[in-house]
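*Asks:* When you get a sec, could you build the whole thing from the sequences and use the hints?
In terms of my numbering, the sequence shown opens at residue 1 and continues consecutively.
Worth flagging that the hints you see were computed from the coordinates, not collected in a lab. Fair warning: there could be bad hints in the mix.
The calculated lysine to any residue pairs, modelled on SDA-like cross-linking and capped at a C-alpha distance of 20 Å, are [claimed, not checked]:
1. Lys-35 / Leu-53
2. Lys-35 / Val-20
3. Lys-35 / Leu-60
4. Lys-35 / Arg-93
5. Lys-35 / Asp-45
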Amino acid sequence: MQWRAGTVERELQRWAGAAVYAVRLEGEGADGTVKALAYSDVVGDPHPGDRVLLNASALLRGLGTGGLAFIVAVPDRLPSDPHPGPGHIVKARYTPEQQMFLAVDEQDSPHHDVLASTDDLRGVPVVVADLHSALPAVVAGVRDERPSARVAYVMTDGGALPAAFSRTVSTLRSAHWLVGTITVGQAYGGDHEAVNVHTGLLAAVHVLGADVVVVAQGPGNVGTGTPWGFSGTAAGEALNAAHVLGGHPVASLRVSEGDARPRHRGISHHSRTAYGRVALVPATVPVPDLGGELGQLVASQARELAEVSGGRLRLVDVPVDGLEDALRGAPVRLSTMGRGLEEDAAAFLAAAAAGRYAARAGTH
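*Replies:* Shown next as structure tokens:
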């Protein structure tokens, strides 16, 4: 951890639960102004002129999603203690910023009795995706087919832990594209907290009343360029959970036409590994009908994926007509690995196709 201190100059941007500030680093002069993010529930709301302590590690390493400094404390004006209440589930456990929450599945929760008495998702489609950037595209596909469908998001802890880091989630909630977010594992800050993916899924259906559930990590996918060293392996584990609980597991393919890395061309090796080797249960794989050379490549790779799975995975061809217009109507800017809809349409069309399939499956 690389510490820095600085002074808040001005607020640059704000959304639910978070704000970005221009902070002048101590001893760096006029050129030492950086962007720093503060989670208001953790450190309060810094004001211009406040001296702040920063974690600058990701910024100094030039990381993509996490390439900001983070405000760790406003030492001269600490936030008030939260109102005491029920809840004893600690997240970001045993770190200096651990926090305590009322989890939807713990004994003091008003939903405890419901979650203690059910382990059945009633066949509700559960769309699992590798990247956080797939979330708005999946929801766009659902809404294009069923505008009134209730869609809930289960955010896993493979990427960002605070849900407030995601402007996508904040905007989708404000636009009523999501009925709620459930943060599971070490992730926190959703409309509800849950101990793990299993109770998160159950809460999505039995507490939020979801017609379709989307499961994906928060922003900040981790990858090492090795066959197994990426956080998206959890997508396979989420399919396992959806099946065990009686849901309808739907594997959204990570597809790209704009990624220069061969391992991500067409269907990413992330999808092939997570769904073909980590997942151990039957699941449906919507295959987008992209047409042309890319469409042929994706179809061929999907057949190989089904063969690797030993027949567990059922391929379903899904037309993508009309989905590009649905994606353009999303209330958030679509971006995956720095590429937008114009640069990598296939990435978003594949996710939207999974949403379209789930919307149709949820009506049967």
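*Asks:* Does each hint hold? Answer for all of them.
*Replies:* Verification of the supplied hints:
Simply put, Lys-35 and Leu-53 have alpha-carbon atoms about 13 Å apart, close enough for the 20 Å limit, and the pair holds. Distance check on the hinted pair: Lys-35 and Val-20 sit about 6 Å apart at the alpha-carbon level, within 20 Å; holds. Between the alpha carbons of Lys-35 and Leu-60 the distance comes to roughly 12 Å, so the proposed pair stays at or under 20 Å and holds. With a C-alpha separation of about 27 Å, the suggested pair Lys-35 and Arg-93 falls outside the 20 Å cut-off, and the hint is violated.
Distance restraint check for Lys-35 and Asp-45: the Cα-Cα separation of roughly 15 Å lies within the 20 Å cut-off, and the hinted pair is therefore satisfied.
Comparing the model with each earlier hint shows a violation of hint 4 alone; every other hint is respected.
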